[in-house]
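S.K.: As given, the protein sequences belong to chains A, B and C, one line each in that order. Following the working numbering, the numbering of the first sequence begins with 1 at its first residue and continues without gaps. Following the working numbering, the numbering of the second sequence begins with 1001 at its first residue and continues without gaps. Following the working numbering, the numbering of the third sequence begins with 2001 at its first residue and continues without gaps.
No lab work stands behind these hints: they were computed from the structure. The reader is advised that the hints may include incorrect statements.
Unchecked claim - Ranges between beta-carbon positions, derived for each pair:
| # | chain 1 | residue 1 | chain 2 | residue 2 | range |
| --- | --- | --- | --- | --- | --- |
| 1 | C | L2083 | B | L1189 | 56 to 64 Å |
| 2 | C | V2308 | B | L1189 | 31 to 39 Å |
| 3 | A | A209 | C | Y2082 | 53 to 61 Å |
| 4 | B | R1194 | C | I2218 | 49 to 57 Å |
| 5 | C | G2072 | B | A1128 | 36 to 44 Å |
| 6 | B | L1030 | C | V2308 | 29 to 37 Å |
| 7 | B | G1067 | C | V2313 | 47 to 55 Å |
| 8 | C | G2072 | A | K280 | 18 to 26 Å |
In this text, a Cβ means the ideal position worked out from N, Cα and C, and glycines have one as well.
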Amino acid sequence: MEINRRKFVTGSLGAAAMLGLSGCSSVHSNSSDSTSAGGSTTAPVTAASTSSSAGPVGSSSAGSASALPATAAPSTPPPSSSAPVKGALSFAFWGGSDGELKGFTYVKQKFEAANPGTTINLKVVPYDGFFAGIDRGIQAGNAPDVFRVDYTSIGKYSGKGVLLDVSPYFDAAAAAAFLPALWEGIKFNGVPYGVPHQTDTTCIVYDKAAFATAGITSVPSSLADAWTWDEFSQVATKLRATLPAKKFPFAYDWTQAGAFRWLSWLYQAGGTLLTPDLKKVALPSDAATLAMDYTKSFFTNKWTPASATIKTSQYSDNFFLSQIVPMSFVGDFLVPELADPKAGYKGDWGATFLPKNRGAAADLGGNAIVALKNTKNPDLAAAFLKFLVSEDMMKYFCEQAIELPTLKSLASANLNYVSRPDVVKICAEQASTISDTIVRESTVGSFATINTVLQDQLELAFHGKSSADAIAGIASGVSAALGA
Amino acid sequence: MSVTALTAQDAAAGSSGRAKALRRSKRGRLFTLRVVLAIVITLIMFFPIYWMLVTAFSTREDLYAPGLHLVPQHFTLDNFATPFARFPVWQWFKNSAIITLLTTVITVVVNLLAGYAFAKVPFRGRNALFLILLSTMMIPVQAIMVPQFTLSIGLGLFGNIWSVILPESAAVFGIFLARQFFLAIPDELIEAARVDGAGQFKTFFAIVLPLCKPLVAVLVLLSFMNEWNALSWPLIALFSNEALFTLPLGIVTDLKSQYTSDYGAIMAITLLAITPMVVLFLSFQRYFVQGLARTGIK
Amino acid sequence: MATTRGGSTVPVADGAGAGTLLLPREGGVRRRRGSMAAWTFLVPNLVLVVVFLLLPLVLAIVISFQKRQSLGTPEFLGINNYLDLFRDGVFWRTLWNTVLFTICTVPVGMALGLGIAALLNGVLPGRTLYRSIIFLPLVISGVATGVLGLWMFDQYNGFVNNLLAVFGIVGPDWQSSGGWAMFSVILVTLWQRVGFDMLIYLAGLQGVGSDVLEAASIDGASGWQKFRRVTFPLLGPSTFFLLIMNLIYSFQIFDTVFAMTAGGPDYSTTMLVTYAYRSGFDEHGSGQLGYAATIGVIIYLITLAITVIQWRVNKTRDQLG
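Chain A extracted, bound-state conformation (with noise of 0.2 Å):
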């Protein structure tokens, strides 16, 4: 089944789905792009023929808005813009899903084909921990020459100076082929490190019997019908009446790393992290108690399980697979998890969109690419980066992952994505709600930092601290962090 994303995206708000990041962002973006400057919905197109002519390895994509074959293999070889490269390069990535491992395990492949002479080595290690793996090789120097990093970590390796600068190989056409917002993230100092490879955000996953059990008829099919935190809580409340005491309504991804996803409910509520500036805190805020208040009544209210905490080795999608909870908030990246035949969930389940307050939020996934400065063969590394961003690379991969583009041309193209379209368009739909200021306090260099001193006090909050200390707590740990 195909989704043609421009039908659901058009229709939201203003420049809506990952346009809408666009949309925002341009204001701050120094880039000479303007092509999809807010409340334009029509910039697409153009943005489409644009990039396929200036795309990173001009592959063939003009034609990727109609409909490509579920295979979406590329209608030709993408040639080598450059001058040919070759050796041999290591790449190291999570593999978050067997749809992520596919889509990478391919990419090697069509790049090993289309630069003879060329290896690509694949090495897989688990998410938690690779940043970790990824520093002890810096150290030691054997870092692999190109790595994954999520836009939230991004800022710790481009601020040591340990990326490489991508500026030579991306001229200004180029660049302008990513979604504005994203391309601004994978920049430090205004010099971009990387490439953004793909986006991905939260969304709601349920169980449908469970919600029928418990008298939930209606679900938000679209994002203007998004429950408010009131409806949320209505619904959170007749599953807890009807769930035994061992099983919860729902859980949250704000396992461990994933802290940051709190934030979405502080943006919900209104509030901001950072001062417009970025450069200072902005907490205490009403928004901030407000939110935090909110979140901690999940645990008093026994709505969550007591292990769903941040620091625990159950993520969301855990409690959901083994059924503890009828509900969870995913990133659609684990969407091929749980739609997976033999692993996945047992059951028949959908997807809606995340609550809102004063306005609706959602968090910025997904990740970047980037190479080592001191990578033995920075040309081939640079061919390698712009290989897995050319078009028909990035979409077979977000085909795979069920995850979203970030080129513009893709942005509004029909993807074919291999399992739930219905999921992915929830959250494509709810991208739209990741706002300028969301990418900008995102992206920052010390969000590493920040998003650790959001797990400690979080930890802390759900187990018992105040709101205000809880808050106070993370007020001075990222005022610390941003002067850093």
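Let chain A serve as the given structure and place chains B and C on it in line with the hints.
M.R.: Relative to the frame of chain A, chains B and C by itself:
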């Protein structure tokens, strides 16, 4: 040197009690109580391993179904198939085997040599050196993991299996064990060999070593166990690539973080991981018992 | 120390530093002749120990005076890491956790081990089988024990809570409540370690001659009195050996905790060694290698203190005996 040899003595101890007819009924009851208690304790101790087996062969639905199911309701091998398809589990087995075997060989050889020197070859500073070595016996890897890390970078080892094999071969407990064993070998035997014109090395390899099969067995088994089970240092040294993982590393990072709810898969691979140790233990129990009792090293 | 007591050569409580620790010096010519050979025998092991144990110990002290992060170059920091450490609430908490864990595992484990040993001592059908099974957990890795413990104590689907539910008891929150999490780690550790205690005590009990007990019986001592007044004192060396070994083991517990709770919830089950690892190498830690080295130095000092006590006591006893 064997524990099994003790049974005869126990029997003597048991029967030599004054088993008078008067007290027989009380004794009988006591005896029954002891047997029952022993069986109960044994069952409790064995149950977790049994539960691992049950879990490994159960479907996920059954594992999360309410109530107690003491036997697999629907027997399945999926728990083995899924992780094997998703992760390089065979590679982990291979890595564990290679690292463990190499570490064991190096450790045992160098410990035997050193233990012999400390026991039978007098030299200046022997006692002082022995004390220094013993003082390093109890250093936990966490105390020195940071310098070990910088050191293995400096030596250019970091990121390959030698960064695990060499530091883990720097074991001292074997010296202690070997020295104790060699001390029990009569000096006369060695002197005789020397009189016949054998050098220190010839004496060691031709005369002493052949007498040491039990010692070698203990050392090999203990080293093997330590390395097969090791987590701490491999966790730091081998994390850069799934293909370099050992079994404990794969279980605790890959399986546990990706499959936190899939205990069937975790238990299945854990079961495979402990099988070699269990088999070795059951086959060479008395050597394990001796070695562990002497060193306390686990 | 008496490894050959009771006519058996079963190792009785023979820790480091025991018995024939120091050999008499031998004289002149023979020693010099032996020296070359001795060093040849020793060199392989010495090289490994010096490079991978002693040198790191020295380096640990050096690094503990540095600000060394997971990325970037190290800077000299003086004693600031130590000052930070003493001001670090988490450090004290993990130290307390470690002490608590040690207090809860060592005496209980030894008492259980002694009880089982007393039970299995003497004629009993199937004795060898019981002993093997009780001993078996000891050869299984800490990781396997940890993940098994995690699964059995899972607060929603685990065996323990399911079993309690059969009796109508709502099982505790093994994962989300710090106290219960600690308790579960202690139980799992006891399961793994009790076989060791049993083994050493079994060997020790062989050394308690039946003639002594006979004599006590004739004097009219009850079973408990015999145990209290005769057997237990005679087990002194075993008890001491176990005490030291268990102290060190419990103090250094890492694998089981890492696999089972990863130190959580919050820092409830984070031990000193876990904290050192977390500070230096864990993704969710601070990536401060210098700080981790500082904790490492503290760990080493505590270990050293235990070892020194052990040597002292052994020495005294050797002199007495």
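S.K.: Does each hint hold? Answer for all of them.
M.R.: Right, here's what the structure says about each hint:
For L2083 (chain C) and L1189 (chain B), the hinted distance range of 56 to 64 Å is satisfied, since their beta carbons lie about 59 Å from each other. A beta carbon spacing of about 37 Å between V2308 (chain C) and L1189 (chain B) agrees with the range 31 to 39 Å that was offered as a hint. For the pair A209 (chain A) and Y2082 (chain C), the beta carbons lie near 59 Å from each other, so the given range of 53 to 61 Å is met. In this structure the supplied range 49 to 57 Å holds for R1194 (chain B) paired with I2218 (chain C), their Cβ-Cβ distance being about 54 Å.
The hint said 36 to 44 Å for the Cβ distance between G2072 (chain C) and A1128 (chain B), and at roughly 41 Å that hint holds. In this structure the hint that L1030 (chain B) and V2308 (chain C) lie 29 to 37 Å apart at CB is violated, the actual value being about 44 Å. A hinted range of 47 to 55 Å holds for the C-beta pair G1067 (chain B) and V2313 (chain C), which are about 52 Å apart. For G2072 (chain C) paired with K280 (chain A), a C-beta distance near 25 Å keeps the hint of 18 to 26 Å intact.
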